[in-house]
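Peer 1: Here is how the chains run, residue by residue.
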Amino acid sequence: AQTVTQSQPEMSVQEAETVTLSCTYDTSESNYYLFWYKQPPSRQMILVIRQEAYKQQNATENRFSVNFQKAAKSFSLKISDSQLGDTAMYFCASLTGTASKLTFGTGTRLQVTL
Amino acid sequence: EAGVVQSPRYKIIEKKQPVAFWCNPISGHNTLYWYLQNLGQGPELLIRYENEEAVDDSQLPKDRFSAERLKGVDSTLKIQPAELGDSAVYLCASSRWGGHTGELFFGEGSRLTVL
Numbered sequence: 002a003q004t005v006t007q008s009q010p011e012m013s014v015q016e017a018e019t020v021t022l023s024c025t026y027d028t029s030e031s032n033y034y035l036f037w038y039k040q041p042p043s044r045q046m047i048l049v050i051r052q053e054a055y056k057q058q059n060a061t062e063n064r065f066s067v068n069f070q071k072a073a074k075s076f077s078l079k080i081s082d083s084q085l086g087d088t089a090m091y092f093c094a095s096l097t098g099t100a101s102k103l104t105f106g107t108g109t110r111l112q113v114t115l
Numbered sequence: 865e866a867g868v869v870q871s872p873r874y875k876i877i878e879k880k881q882p883v884a885f886w887c888n889p890i891s892g893h894n895t896l897y898w899y900l901q902n903l904g905q906g907p908e909l910l911i912r913y914e915n916e917e918a919v920d921d922s923q924l925p926k927d928r929f930s931a932e933r934l935k936g937v938d939s940t941l942k943i944q945p946a947e948l949g950d951s952a953v954y955l956c957a958s959s960r961w962g963g964h965t966g967e968l969f970f971g972e973g974s975r976l977t978v979l
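Protein chains in written order, with our numbering: chain A, 2 to 115; chain B, 865 to 979.
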């Protein structure tokens with residue numbers, strides 16, 4: 002069984018600053034993927050960034066990057082130069098090859114302030 | 865490219881009444897998902913379709929929930945009868961074959977309130 006844990010229910014960051022959202026996961030599979038999804042208020046959830054477990058290099062998408070610590074089963078998201086539009090719920094999720102099912106964490110509500 | 869379309873966006877019903885939600889996935893996406901999102905929680909999978917076949921419905925409460933995906937395109941999720949605890953957001957998502965890359969495209973959701 003997969004589990005995903007997000008221990009920060011809420012976070013706040015000032016515009017243009019950097020924030021890191023934490024996520025830990027647990028899986029017995031050797032082949033899996035990790036994701037961060039963003040859910041803005043009253044809007045659909047979208048994929049922010051994806052990491053394949055077999056890749057050692059941390060994924061980066063513009064201002065979003067991850068710190069993937071495989072041995073520690075940790076997968077944090079760093080948002081640089083935060084913008085007001087980054088205000089949203091952020092969900093960490095895992096996917097194993099055998100299950101083909103995304104398992105989500107409980108989410109972190111990020112508020113970007115002026 | 866049009867996104868995943870869900871309706872209705874909001875629904876308020878009395879307990880024991882039936883309710884149905886509709887989803888139109890992105891064109892060409894063979895895999896369709898229904899997720900349940902309770903307040904303050906992450907989405908939980910209810911059912912996954914590959915074309916018209918339900919390949920994972922292990923989390924669907926079959927005593928009151930049903931789903932169908934006729935012709936492998938649109939899908940309907942039904943609850944009958946609804947209970948107070950069913951108040952939640954029902955998300956539909958779609959992906960290309962199997963969703964093995966993990967990139968799901970979500971609709972805006974249908975928010976259900978059961979009184």
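The set of hints was computed from the structure by calculation and includes no laboratory data. It is possible that some hints are incorrect.
What follows is a list of derived Cβ distance ranges for each label pair [what the hints assert, rightly or not]:
(1) B:P945 x A:Q84: 39 to 47 Å
(2) A:L115 x B:P925: 41 to 49 Å
(3) A:G86 x B:E932: 15 to 23 Å
Below, in silico cross-link-like pairs of lysine-lysine (DSS-like), each with a Cα-Cα straight-line distance of 25 Å or less [unchecked claim]:
(4) A:K56 x A:K79
(5) B:K926 x A:K102
(6) A:K102 x B:K879
(7) B:K926 x B:K880
(8) B:K942 x B:K875
(9) B:K942 x B:K879
(10) B:K879 x B:K926
(11) A:K102 x B:K880
(12) B:K926 x B:K875
Each residue gets a CB set at the ideal place from its N, CA and C atoms; glycine is no exception.
Peer 1: If a hint holds in the structure, say so; if it does not, say that too.
Peer 2: Status of the hints after comparison with the structure:
1. Taken as a hint, the range 39 to 47 Å holds for the pair P945 of chain B and Q84 of chain A, whose Cβ atoms sit roughly 45 Å apart.
2. Range check, L115 of chain A to P925 of chain B: about 45 Å between beta-carbon atoms, so the 41 to 49 Å window is met.
3. At roughly 37 Å, the beta-carbon separation of G86 of chain A and E932 of chain B lies outside the given 15 to 23 Å, and the hint is violated.
4. Pair hint K56 of chain A plus K79 of chain A holds up; C-alpha atoms about 18 Å apart against a cutoff of 25 Å.
5. As the CA atoms of K926 of chain B and K102 of chain A are separated by approximately 19 Å, the hinted pair is consistent with the 25 Å bound.
6. In summary, the hint linking K102 of chain A to K879 of chain B is not supported, as the alpha carbons are separated by about 31 Å, beyond the 25 Å threshold.
7. In summary, the hint linking K926 of chain B to K880 of chain B is supported, as the alpha carbons are separated by about 16 Å, within the 25 Å threshold.
8. Only pairs whose Cα atoms come within 25 Å are accepted, and K942 of chain B paired with K875 of chain B is accepted, the gap being roughly 13 Å.
9. Restraint check for K942 of chain B and K879 of chain B: satisfied, since their Cα atoms lie roughly 14 Å apart, inside the 25 Å limit.
10. Among the hinted pairs, K879 of chain B with K926 of chain B is consistent with the structure: their alpha-carbon atoms are about 18 Å apart, no more than 25 Å.
11. In summary, the hint linking K102 of chain A to K880 of chain B is not supported, as the alpha carbons are separated by about 31 Å, beyond the 25 Å threshold.
12. Distance hint between K926 of chain B and K875 of chain B is fulfilled; the C-alpha atoms sit about 21 Å from each other, no more than 25 Å.
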